[in-house]
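K.L.:
Here are the chains, one letter per residue:
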Amino acid sequence: MANKSWSTVGKPEQRIDAVEKSTGKVRYIGDYSAPGLMHAKLVKSTQAHAKIISIDTTEAWKMPGVRAIITGKMFPFHIGPILADRPPLAFEKVRYYGEPVAIIVADHEHQAKHATEKVKVVYEPLPIVNSVQQAFLKDAPLVHDNAEQYTKIISDVYPKASTNIGSHIKIRKGDFDTAWANSEETITATYSFNLSDHVAMETRSTRVEINPAGKVIVHSCSQSPFTIKKVLNQFFNVEVGDILVHIPMVGGAFGGKGTVQLEPLAYLASKAVGGKVVKLEFDREEDMTTAPCRIGFDATVQLGVTKEGKLVAGKYTYLLDSGAYSDQAAGITRAAALDCTGPYNIPNVWCDSYCMYTNHPFATSFRGYGHPELTFAVERTMDQLAEKLQMDPLQLRMINGIKPGHTTPTQTVLTANNIGDLEKCIHRAKELIKWDEGQKVQSGKNKVRTKGISTFWKTSTTATNAQAGAIIIFEADGSVNLNCAAIELGQGTKTILGQILAEKLGMDMNKVHVTMEVNTQYDPHQWRTVASSSTFLAGKAVVFAADHAIAQLKKTAAVVLQCSPDDLEVGGGRVYLKPDPTFGVDIKDISLGYTYPSGHSIEGQIVGIGKHIQRHLTPMDQQTGFGKPGPWWSVGVQAIEIELDTRDFTYSILKGVTVLDGGTIINPMTATQQMRGGMYMGLSYATSEKFVFDEQGIVQNSDLRGYPMLRYGEQPTEYLVDFIESPAIDGPFGARGIGEYGVIGAPACLANSLSIAADVELNELPLTPESIWQKKKEGTK
Amino acid sequence: MNWQNATSKAIIHLHVNGETQEVVVRNADTLLSTLREKLGLTGAKRSCENGDCGACTVLINGEPSHSCLSLAVEVVNLPITTIEGLLDSPVRTAFIDKWAIQCGFCTPGFIVNGHALLTNHPNAKEEIVEEWLQSNICRCTGYQEIKDAVNSLIVENDDSINKTHPRLSK
Chain X
147 MANKSWSTVG KPEQRIDAVE KSTGKVRYIG DYSAPGLMHA KLVKSTQAHA
197 KIISIDTTEA WKMPGVRAII TGKMFPFHIG PILADRPPLA FEKVRYYGEP
247 VAIIVADHEH QAKHATEKVK VVYEPLPIVN SVQQAFLKDA PLVHDNAEQY
297 TKIISDVYPK ASTNIGSHIK IRKGDFDTAW ANSEETITAT YSFNLSDHVA
347 METRSTRVEI NPAGKVIVHS CSQSPFTIKK VLNQFFNVEV GDILVHIPMV
397 GGAFGGKGTV QLEPLAYLAS KAVGGKVVKL EFDREEDMTT APCRIGFDAT
447 VQLGVTKEGK LVAGKYTYLL DSGAYSDQAA GITRAAALDC TGPYNIPNVW
497 CDSYCMYTNH PFATSFRGYG HPELTFAVER TMDQLAEKLQ MDPLQLRMIN
547 GIKPGHTTPT QTVLTANNIG DLEKCIHRAK ELIKWDEGQK VQSGKNKVRT
597 KGISTFWKTS TTATNAQAGA IIIFEADGSV NLNCAAIELG QGTKTILGQI
647 LAEKLGMDMN KVHVTMEVNT QYDPHQWRTV ASSSTFLAGK AVVFAADHAI
697 AQLKKTAAVV LQCSPDDLEV GGGRVYLKPD PTFGVDIKDI SLGYTYPSGH
747 SIEGQIVGIG KHIQRHLTPM DQQTGFGKPG PWWSVGVQAI EIELDTRDFT
797 YSILKGVTVL DGGTIINPMT ATQQMRGGMY MGLSYATSEK FVFDEQGIVQ
847 NSDLRGYPML RYGEQPTEYL VDFIESPAID GPFGARGIGE YGVIGAPACL
897 ANSLSIAADV ELNELPLTPE SIWQKKKEGT K
Chain V
46 MNWQNATSKA IIHLHVNGET QEVVVRNADT LLSTLREKLG LTGAKRSCEN
96 GDCGACTVLI NGEPSHSCLS LAVEVVNLPI TTIEGLLDSP VRTAFIDKWA
146 IQCGFCTPGF IVNGHALLTN HPNAKEEIVE EWLQSNICRC TGYQEIKDAV
196 NSLIVENDDS INKTHPRLSK
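The listed protein sequences derive, respectively, from chains X and V.
Just so we're aligned, residue 147 is where the first sequence starts under the numbering used here, counting upward by one.
Just so we're aligned, residue 46 is where the second sequence starts under the numbering used here, counting upward by one.
This is chain X alone, in the form it adopts within the complex (with noise of 0.2 angstroms):
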């Protein structure tokens, strides 16, 4: 609960990068362009899967403006982020529509373009893994022929030989098939949805130039400035400190941009062009098809429970869709087995989640890291047992939500501290959403109003040494530079950071100038600004960088006040003496050292540095999951209303509740800007979107205009934001993570309601009033 004696925390500041966005001038990164810039362009494959037969560059080499053409024969290696197994062009065969298989770098955008055309590639077509459920089957085509001999990035990834399972991650917690013969009630349901996009309004892009004294500059729009240079160092021996990162205002990112795919090939570009500046964006069918997308994702679940409706044993088999490459979807694998159960305590749980490969655009990081399509699974789920048991919906979520004292699925200790209070938040959710008023009512001769419901969790899978620093510099006005390697990709971690470090030192907000651009030769390290953990991790490194100024100041302070430092307080743009605020320093005339009047000078510069490192993490055991896989969990519950015509299936979507416990709200506005955001993503994803493969895995719907989303109009009537604030006593000022959490639970609760408008089991997405018909056709209830 925000501290009623803090002035900034807690306080709706605006954002400090308003402004200059709402004026256009803002400089992304496809905004840079100067003379002698080259332009690289790919060809991509035209084939979901096939054997590369040849090459043949001699009629693009004829092109006007050609200055190099690359292809996979140039660079036969794989690389990824947790399984090394994506070649960054392919060579030998191709695996998904839009694979790379050759750059073309050229003077202009245009000729390189043009030029891409004059490639002539000959495939020889392979059987295509056009499904989750196919690449399951014994007798599937292999996406990869020797998936188990790659080199593993990080440690819970396994491929199993001679099948296309690239991961799988289980959870064996208690004796569930004891506990499932036992139960007095159970209930076993089914769940698909397909692959989609992120669609961030800013395109991938990026530009690097390889300098004569060997550095390479790297500019990008990443989430993931650090990994870069971990990419560029692994994969092709640069050292680390000859790479320069720099990320300039991210224009919308939703995970997207967590992973490395352009860098590298820019870094080949340059490369061959003798280390000139080459800028490489993708277009958007090719953000949408070439750069990974988000997860299919196919579920079972099984359910047992008392005839009270208290949970007993819960089995989860969950297929993710990562496409033609594991990328992030392995971690996804494993983050959806360690939350398998959404917020419920159930002490016999066995999940088995397996990363699949097929012939899809590969799959990525996507807002909620698996999270929405688990909660999808788990809430429908917990609907019809309510059903099946007669009870109220949120009865049944009430009697099983989680608590302290109770272990997760990885058997991690839950307290007071490590998780937010999820009864707190289905009671205010169930005010917000009036839902004592009830669940389904009649509002006209063939309209239906009703309402669902969605508990939901998520804990911050970082890196067990995931880390983040903060250097703050003072000014000779007393104003405060902060230097810090989080990413400003429109969730308002700038601002957010600057508050915290306004509130440590007791100064307003327009004295603490945050560098927005991030560059790696200044910034201390950060992990990457992904899984809801920059505020979290940077801003405990800015608490810790306040609290080391500080004792500089009033170290200052005490020589020109001849006090001891103890006697000190730092507030006001001042430091000053406890007992007698009036007699005191101006933090101008100490902050580049104290001048006395003879001209002798002490101390310098206030300078102040901190960091934070995650503590306690571990890897999960491979055969039970036992582990620690992060921080805390921050809780929700999110309702909505809508209205359904039950003639045409058409309907509205009239109000979309989130409340969360994140711990303290740093800044109320910023945080209901990132719940409303995610619920609209959350909803246009449920009611709209997907990929559309033909039977040759072709994506069909690769541009804006065959990939429907929710547009102005179409969200909810009303969205209603409530935070419930259970403080993290070793997050900043109580704070836990909370950029994620609005998008999870939403897909759910739509289908909740739904099912209940239209009298019909809807457990695949996207809900349009097509596939509710087709449903109702098929009579399955």
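Be aware that one or more of the hints could be misleading.
What the hints assert, rightly or not - So the derived label-pair ranges between C-beta atoms look like this:
(1) X:769 with V:114: 53 to 63 angstroms
(2) X:727 with V:172: 54 to 64 angstroms
(3) V:172 with X:851: 17 to 27 angstroms
(4) X:661 with V:56: 26 to 36 angstroms
(5) X:259 with V:58: 52 to 62 angstroms
(6) V:56 with X:297: 48 to 58 angstroms
(7) V:193 with X:923: 39 to 49 angstroms
Claimed, not checked - Calculated pairs, DSSO-like style, for lysine-lysine (alpha carbon to alpha carbon, straight line, at most 27 angstroms):
(8) V:54 with X:259
(9) X:197 with X:219
(10) X:593 with V:54
Keep in mind the hints are simulated off the structure, nothing from the lab.
Just so it is clear, the structure is predicted and the values come from calculations on it, not from any experiment.
Even glycine gets a Cβ: it sits at the ideal position worked out from N, Cα and C.
Fit chain V to the known structure of chain X by using the hints.
P.N.:
Leaving out everything else, chain V in the frame of chain X:
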């Protein structure tokens, strides 16, 4: 001027934000790429280049238009306004005040379109607002804050004599 093919170049004059600018363009150059690469006006964004998302919206002769779908040579005699020419628009400040900005990439297109909407329909009903703003995509906000920003400028009383927006007309 030879406009018969895509690759030959021409010197043209564009009237942008009240100034006449001389530029050398290929006949195939879009207005979007010309504004961004030749005139340094990068507020109009490249996002879908297919007229589907509205991130490149500018005003051509007062009408909101996808600059990715116009050739520079098509608009030589027409006044063009970009976000850089709308710094005084109340729509811009409303977007800040109502928290309608997150990543900011769609923002210029929305502000330009919103400005034209309110200039043409100062007391627009919700259906009109929807019809106009459905041409732009925002992936961050969920549209609530954008709706709040635009609605905050809609003149409530339907006074048919007053056709111009009091804060948009000068």
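K.L.:
Are the hints correct? Go through all of them and say.
P.N.:
Comparing the hints with the structure gives:
1. In this structure the hint that residue 769 of chain X and residue 114 of chain V lie 53 to 63 angstroms apart at CB holds, the actual value being about 58 angstroms.
2. Separation of residue 727 of chain X from residue 172 of chain V is about 59 angstroms and conforms to the stated range, judged on CB atoms against 54 to 64 angstroms.
3. Restraint check, residue 172 of chain V to residue 851 of chain X: a C-beta distance of roughly 23 angstroms satisfies the suggested window 17 to 27 angstroms.
4. For the hinted restraint 26 to 36 angstroms between residue 661 of chain X and residue 56 of chain V, the CB-CB distance of approximately 41 angstroms leaves it violated.
5. Between residue 259 of chain X and residue 58 of chain V the C-beta distance comes to about 28 angstroms, which lies outside the given range of 52 to 62 angstroms.
6. About 56 angstroms separates the C-beta atoms of residue 56 of chain V and residue 297 of chain X, a value consistent with the hinted range of 48 to 58 angstroms.
7. The hinted range of 39 to 49 angstroms is satisfied by residue 193 of chain V and residue 923 of chain X, whose Cβ atoms lie roughly 41 angstroms apart.
8. Pair hint residue 54 of chain V plus residue 259 of chain X holds up; C-alpha atoms about 19 angstroms apart against a cutoff of 27 angstroms.
9. Distance hint between residue 197 of chain X and residue 219 of chain X is fulfilled; the C-alpha atoms sit about 14 angstroms from each other, no more than 27 angstroms.
10. Under the criterion of a C-alpha separation no larger than 27 angstroms, the hint pairing residue 593 of chain X with residue 54 of chain V is inconsistent with the structure, at around 60 angstroms.
In summary, the numbered hints that this structure violates are 4, 5 and 10.
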